[in-house]
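The listed protein sequences derive, respectively, from chains G and Z.
Using my numbering, you'd call the opening residue of the first sequence number 1 and step up by one each time.
Using my numbering, you'd call the opening residue of the second sequence number 142 and step up by one each time.
Fair warning: there could be bad hints in the mix.
[As the list claims (entries may be wrong)] Pairs of lysine to any residue, SDA-like flavour, derived with a Cα cap of 20 Å:
| hint | chain 1 | residue 1 | chain 2 | residue 2 |
| --- | --- | --- | --- | --- |
| 1 | Z | K174 | G | A134 |
| 2 | Z | K174 | G | R22 |
| 3 | Z | K321 | Z | G207 |
| 4 | Z | K174 | G | P15 |
| 5 | Z | K174 | G | D91 |
| 6 | Z | K321 | G | A134 |
| 7 | Z | K321 | G | P15 |
[Said to hold, decoys possible] Label-pair restraints from in silico Cβ distances:
| hint | chain 1 | residue 1 | chain 2 | residue 2 | range |
| --- | --- | --- | --- | --- | --- |
| 8 | Z | L329 | G | V34 | 38 to 46 Å |
| 9 | G | V34 | Z | Q196 | 36 to 44 Å |
| 10 | Z | T235 | G | D101 | 29 to 37 Å |
| 11 | Z | K272 | G | D101 | 53 to 61 Å |
| 12 | G | R28 | Z | S322 | 36 to 44 Å |
| 13 | Z | S349 | G | P93 | 34 to 42 Å |
| 14 | Z | I361 | G | L118 | 33 to 41 Å |
| 15 | G | G30 | Z | T305 | 56 to 64 Å |
| 16 | Z | A286 | G | G27 | 22 to 30 Å |
| 17 | Z | T305 | G | L50 | 51 to 59 Å |
| 18 | G | R97 | Z | G177 | 21 to 29 Å |
| 19 | G | V34 | Z | R346 | 58 to 66 Å |
| 20 | G | R97 | Z | D224 | 29 to 37 Å |
| 21 | G | P93 | Z | R346 | 33 to 41 Å |
Rather than coming from a laboratory, the hints here were simulated on the basis of the structure.
All C-beta atoms, glycine included, are put in the ideal place defined by N, C-alpha and C.
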Amino acid sequence: MPVMAVRILLVDDHPIVRQGLRTILEGRSGWEVVGEASDGVEALEKVNALHPDIVVLDVTMPRMNGLEACRLIQQDGKKSGLEVLFVTQHDSPQMMREALDAGARGYVVKSNAARDLLEAVEAVSQHRVFTALARSPQAAN
Amino acid sequence: MSESVSGGAMKLRILLADDHEIVRRGLCALLQKREGWEVCGEASDGREALEMAKQLKPDVVIVDIGMPYLNGLDTTRQLLQHDPRFKVIVLTITDSDQVIREALDAGARGFVLKSDAARDLVSAVEALQSKRMFFTPRVNDLVLAGFLDKGHPISRDEPPNLPTLTVREREVTQLLAEGKSSKEVATLLNLSTKTVETHRSNIMRKLSLHSIRDLVVYAIKNNIIQIQMPPQLPRSTETTVV
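Kindly produce the complete structure, drawing on both the sequences and the hints.
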């Protein structure tokens with residue numbers, strides 16, 4: 001089975017969280033973390049410069065939060081097939097709905113990111129929806 | 142609590158306690174880049190951290206403040222009560238006066254903001270390794286201000302009510318504030334339900350509280366539990382996504 005190459009941009013205001021996400025993602029053959037950003041504004045710049053396949057995005061960040069960044073990314077990125085996956089501390093159906101409405105394809109809670117992240121990136125890279133609140137992972141076509 | 146021997150070299154052994162595995166992974170990656178340092182254990186809550194620390198006897202314990210079952214401040218207090226030789230670094234998302242004061246009172250020898258951990262944590266561990274302390278600049282400012290303001294070693298803010306509770310009562314307070322029933326608390330603490338009910342009555346009486354809601358508010362105000370603040374949704378910049 002051929003390895004599917006996936007280029008990922010990590011966006012979180014805590015470097016230590018980005019490091020944790022990176023260690024998980026880089027364990028998967030063919031997946032590459034092409035860049036990191038610490039807020040929504042920087043995320044938009046890096047999306048334009050690096051053309052990732054997936055943006056892994058936090059919600060609460062300085063300067064521009066993840067929901068706003070997601071809307072702006074998807075305004076330009078929809079044609080190119082770029083997908084957004086939220087990884088956030090907000091274990092809330094309401095916030096998940098906001099994220100999907102903003103154009104995200106996936107939503108994972110930070111407390112369970114180590115469990116759900118690989119599956120979520122896999123699904124989102126194939127343009128499938130993946131949402132998982134703390135107790136209930138759900139993948140859907 | 143002595144540095145371990147591995148391949149002839151002494152290793153500094155570190156225990157990590159944070160309820161988010163993703164954060165522990167990041168911390169591990171950061172710390173293990175240093176030659177001669179090893180993460181000897183990882184705990185996902187304060188109670189587990191206590192057990193692991195007693196068993197593993199690490200050289201340095203790094204504890205997050207906002208952990209379930211037993212928060213980082215009480216974990217620090219209990220660790221040092223068990224053995225004053227433990228060297229504890231507190232990791233926190235906030236550097237409010239009260240949190241700083243409680244961390245110092247609890248006996249932490251390092252205080253690092255989570256947002257600055259990638260920059261400061263290695264320096265903090267190095268400081269403790271050299272028998273020094275490490276605090277963020279904000280703590281240094283606060284301690285200096287307290288020193289200049291004679292008679293008030295840290296801050297003039299109203300002191301927390303915490304000392305009025307025993308260690309056990311603080312444990313029970315956290316678990317009740319997290320929404321656990323008396324029966325669940327009894328199971329977790331290996332007590333009878335009746336004993337937990339007695340603690341609960343004593344806590345409510347000592348603190349002049351009248352409901353579990355009051356208890357939750359008290360626990361939040363005194364950093365026994367931490368709450369997740371909802372973000373401000375960017376309604377003003379809504380963009381149509383088609």
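Tested hints:
1. Z/K174 / G/A134: 31 Å, violated
2. Z/K174 / G/R22: Cα-Cα ~15 Å, so holds.
3. Z/K321 / Z/G207: Holds, at about 17 Å.
4. Z/K174 / G/P15: 15 Å, holds
5. Z/K174 / G/D91: Given that 20 Å is the threshold and the Cα spacing comes to 32 Å, the pair is violated.
6. Z/K321 / G/A134: 18 Å, holds
7. Z/K321 / G/P15: 33 Å, violated
8. Z/L329 / G/V34: 38 to 46 Å: 44 Å, holds
9. G/V34 / Z/Q196: 36 to 44 Å: 42 Å, holds
10. Z/T235 / G/D101: 29 to 37 Å: The hinted range 29 to 37 Å holds for Z/T235 and G/D101, with Cβ atoms some 30 Å apart.
11. Z/K272 / G/D101: 53 to 61 Å: 54 Å, holds
12. G/R28 / Z/S322: 36 to 44 Å: Since the Cβ atoms of G/R28 and Z/S322 sit about 42 Å apart, the hinted range of 36 to 44 Å holds.
13. Z/S349 / G/P93: 34 to 42 Å: Given a distance of about 37 Å, which is inside 34 to 42 Å, the answer is holds.
14. Z/I361 / G/L118: 33 to 41 Å: 35 Å, holds
15. G/G30 / Z/T305: 56 to 64 Å: 58 Å, holds
16. Z/A286 / G/G27: 22 to 30 Å: About 47 Å separates the Cβ atoms of Z/A286 and G/G27, which means 22 to 30 Å is violated.
17. Z/T305 / G/L50: 51 to 59 Å: 55 Å, holds
18. G/R97 / Z/G177: 21 to 29 Å: 49 Å, violated
19. G/V34 / Z/R346: 58 to 66 Å: 59 Å, holds
20. G/R97 / Z/D224: 29 to 37 Å: 49 Å, violated
21. G/P93 / Z/R346: 33 to 41 Å: 39 Å, holds
Checked against the numbered hints above, the structure violates hints 1, 5, 7, 16, 18, 20; every other hint is satisfied.
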